[in-house]
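Chain B: place on chain A using the hints.
Protein chains: 2
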Amino acid sequence: MEINNIDVRNYPGSTKTYVEGKLHDIRVPMRRIDLTPTVKIINGEKMMHENAPVYVYDTSGVYTDPDVTIDINKGLPRTREKWISQRNDLEQLPGITSEYGRQREADKSLDSIRFANRYAPRRAKKGCAITQMALAKQGIITPEMEYVAIRENMNNEKLGIKSHITPEFVRDEIAAGRAVLPANINHPESEPMIIGSKFLVKLNTNIGNSALSSGIEEEVNKAVWSCYWGGDTLMDLSTGDNIHETREWIIRNCPVPMGTVPVYQALEKVNGNVKDLTWEIYRDTLIEQAEQGVDYFTIHAGVLRAHADLIGERLTGIVSRGGSIMTQWATLHDSENFLYTHFEEICEILAQYDVAVSLGDGMRPGSIHDANDRSQFLELDVLGQLTEIAWRHNVQVLIEGPGHVPMNKIKENMERQMSACHKAPFYTLGPLTTDIAPGYDHITSAIGAAQIAWLGTAMICYVTPKEHLALPNLEDVRNGVITYKIAAHAADLAKGHPGAQVRDNAMSKARYDFRWKDQFNLSLDPARARQYYVESHKDDD
Amino acid sequence: MEINNIDVRNYPGSTKTYVEGKLHDIRVPMRRIDLTPTVKIINGEKMMHENAPVYVYDTSGVYTDPDVTIDINKGLPRTREKWISQRNDLEQLPGITSEYGRQREADKSLDSIRFANRYAPRRAKKGCAITQMALAKQGIITPEMEYVAIRENMNNEKLGIKSHITPEFVRDEIAAGRAVLPANINHPESEPMIIGSKFLVKLNTNIGNSALSSGIEEEVNKAVWSCYWGGDTLMDLSTGDNIHETREWIIRNCPVPMGTVPVYQALEKVNGNVKDLTWEIYRDTLIEQAEQGVDYFTIHAGVLRAHADLIGERLTGIVSRGGSIMTQWATLHDSENFLYTHFEEICEILAQYDVAVSLGDGMRPGSIHDANDRSQFLELDVLGQLTEIAWRHNVQVLIEGPGHVPMNKIKENMERQMSACHKAPFYTLGPLTTDIAPGYDHITSAIGAAQIAWLGTAMICYVTPKEHLALPNLEDVRNGVITYKIAAHAADLAKGHPGAQVRDNAMSKARYDFRWKDQFNLSLDPARARQYYVESHKDDD
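Just so you know, the protein sequences line up as chains A and B, in that order.
Per my numbering, the first sequence starts with residue 22, numbered consecutively.
Per my numbering, the second sequence starts with residue 22, numbered consecutively.
Isolated chain A, as found in the complex (with noise of 0.2 Å):
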């Protein structure tokens, strides 16, 4: 199987650039957006002043590299390879140790989808503690640490803008739980970033193919496209055939952190049948996934058969799927989920390959009616609980949450996330903040999402046009992740991020200029601005 190269290119105006590490021998990834002189006529003299560039944050790995050729069939450079390969904490199995994995490794009839490099999977040395959180407690400040200060910061430090984030800074909030730097060791080819709250606000996407419609081409597309708008991280929630090869696929070919809900994979693995799964299928899992290189899993251990109890409260009852599943598995087995009941051994496996836990809220809100209800916040007193057992573990630990939120009821998830849950960083998706406008819900909840990413919230997942309606294709994913730019830039604006309005600044005084190119440059999205302005143009002259 060959797969085409995904036709994405650097954007307008815009020159790649590395800054170099203090600390460690690393490039830093961003983009320069070069602008033209502002141009004015006084006393008939033609007086031209310089604008200097402006440094944005770049999610786009080597894509937008001109000095790197691309084949996606090869996989992306193994960037953090060496940094990894130097240190004395971790071994190199002599293959992937999953039994699924070895399976499918050995079905030939899978050759023909097969991703064609193969990695053997690192795995922390018996008694090491390797996660970035285990070495930031121990002082130890990594090269990802190093990178995710420098990438943070732009150019502030050239002009003349002050930052709070250090290498130490970044080390101590990783440490204290309250950033989540996810870095799985079997992931090399990600670029490092920090999702926290004195961070810039980061954005999720979901991509993944369900049994009808997709193949791996169009997830692996999708994956660098959303990389290309300016998606943070990217979960792939597949349900269809081949995930363990899609997942593959995505990741070799992936620079941002990925996630999954491993739940989806292990009922694939009993055909649906939510009452055949079991806690070995689940763990055999977890190893798989962990040894391809997942960085984060989302997890629904906080649904207890006790707050599934009270849904009959609710006009829409459990809508996350995890919770649904997990909910209906210990109903049929007049048992305690059992996520819950095997966190411990949970913990013990992410911390081998520095998988950080999302924990899933099972019992978000699907309606404006259910939200912040009993069910809800009981879950979340639970994910405070399970916070604390996978810090013991030193595994990073992300918070899920909803959802569903009308406007006035937003400030009450926000202060008690971070009461319930020690100011684990907050992952949300949305919330919408009504429920009329299915076709417009990227809108519903970007509204929202830039509230509680301004309160507090870390990272939001963003939400597409076509919620509630159909599977997003590239121009939903698209028009999703650039709404979520607008909400997360909209938060960092209003916490005051160090360097978040020098962009913002050269945009207005472009578009005082009357420089065209420019504000199409400094663009979320310039393609879009220079078509709406050609379009509404040609007949001009």
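Heads up, some of the hints might be wrong.
Each pair may be met inside one copy or between any two copies, as identical chains are not told apart.
Unchecked claim - Straight-line alpha carbon distances no greater than 25 Å define the calculated BS3-like cross-link-like pairs of lysine-lysine that follow:
(1) LYS67 <-> LYS158
(2) LYS103 <-> LYS158
(3) LYS103 <-> LYS179
(4) LYS219 <-> LYS432
(5) LYS103 <-> LYS219
(6) LYS183 <-> LYS430
(7) LYS296 <-> LYS61
Quick caveat, the hints were computed from the structure, so don't treat them as lab data.
Bear in mind that the values here come from a model prediction, so they are computed numbers and not experimental data.
Structure of chain B alone, referenced to chain A:
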């Protein structure tokens, strides 16, 4: 000249209904969305549960009433005519009284583009205080007031939902200046609506041709289209040829209040030469438009020379067109803004027709950088003084607000407006919460609009995706209106407006029941929701 009828139909699954008044002989339109029953199979038996219909606010006028024959060339039924003609405080003039209006009337060359039906305008009898505010102060509940009380409540009484909105409450809010009921006595086609922070949040749309682009038919189309999707008021910002005739076509076919910025037309009358603007030309323009039926005028009377001197502190100077014209005029004539010096006379004219004044914010910030600066807030204080003058003349007052404001500076705008302008309704343009997303400014601004509306802004002016780039076409108007309906409704929910959540709950239940047709019909944009669903499901089965 003949214009084709606008192709809007009734909304799917919906019926136009009317609720009758108790105090007056009035019929208030609403849209009833009928729902299918919930079907459950219990023990092999099919159980059906009825779902009550949902009543929603309807801005579309009789365009969606199948019992009314629409003829754009004849204009809408003049529903308020009966109420107005019975009043003793008004007189019918023999003909139009503005000089310019008479000139246009006498110009045979305009016959081909003229709206055919002509009506002699009405005006207050000498010494009579005839505005809704004047009547409210006298303790009179007009038909318009009862109409909006019923309209705001939808079906609350039948649903057992308590509401603070009674005809007497409406009267009291108008008397105190906290709400505006725009109702020029010469626009009897308009269906009464109310703008105030204790009522449903309203949205305004801007249309208007420029010299280069659209003609009369296109503008009438945009007006009807805007009402169909949910626009509550409409501003005609035309600057091209035949403004007078275009406006006549729009008003005679417009079921919502219409506003203008009279100085735009005044400037056309002096061929765009700011220096040649005079109070006399402007005054004649006010009368011309008041006699056509314009319901509110944006007047930039608060831009003073002293404030203009402060714009050196700004990145983007003065971006309000009206503000820029008046500042330029004042500088060229070395004198104070004539709208400020003649404000008492302006109020005397407006009071005779019940035209509301919308005090324009000529100093509104045009960038994140300039938000909440000195010149902006100094002007706001002047608008507060002008509000008191207008109220003495019983002229209803709206206060216009920004613009470009980061989220953390939105609250200060609302609080200062409330205190400086004595709780006159606030009417803001967005605000845009970042400058870096041209092509998506409906979204950057809806994020701000939802927040400021929640805080108390009574009406939000839409922004379309083409803002800063081009004039909107029909599809842009639709996207702008729906986006702003979302922002307004999210604010209604957050404010707990009586009955606002009924539609959300019905949608959520339909979603939980998988009643797809009901989900489409309950949507703000049923056609779009259906389209997305159908496109993605066309290959199923």
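### Contradicted hints - numbers only
Hint check: 1, 3 and 5 fail, others pass.
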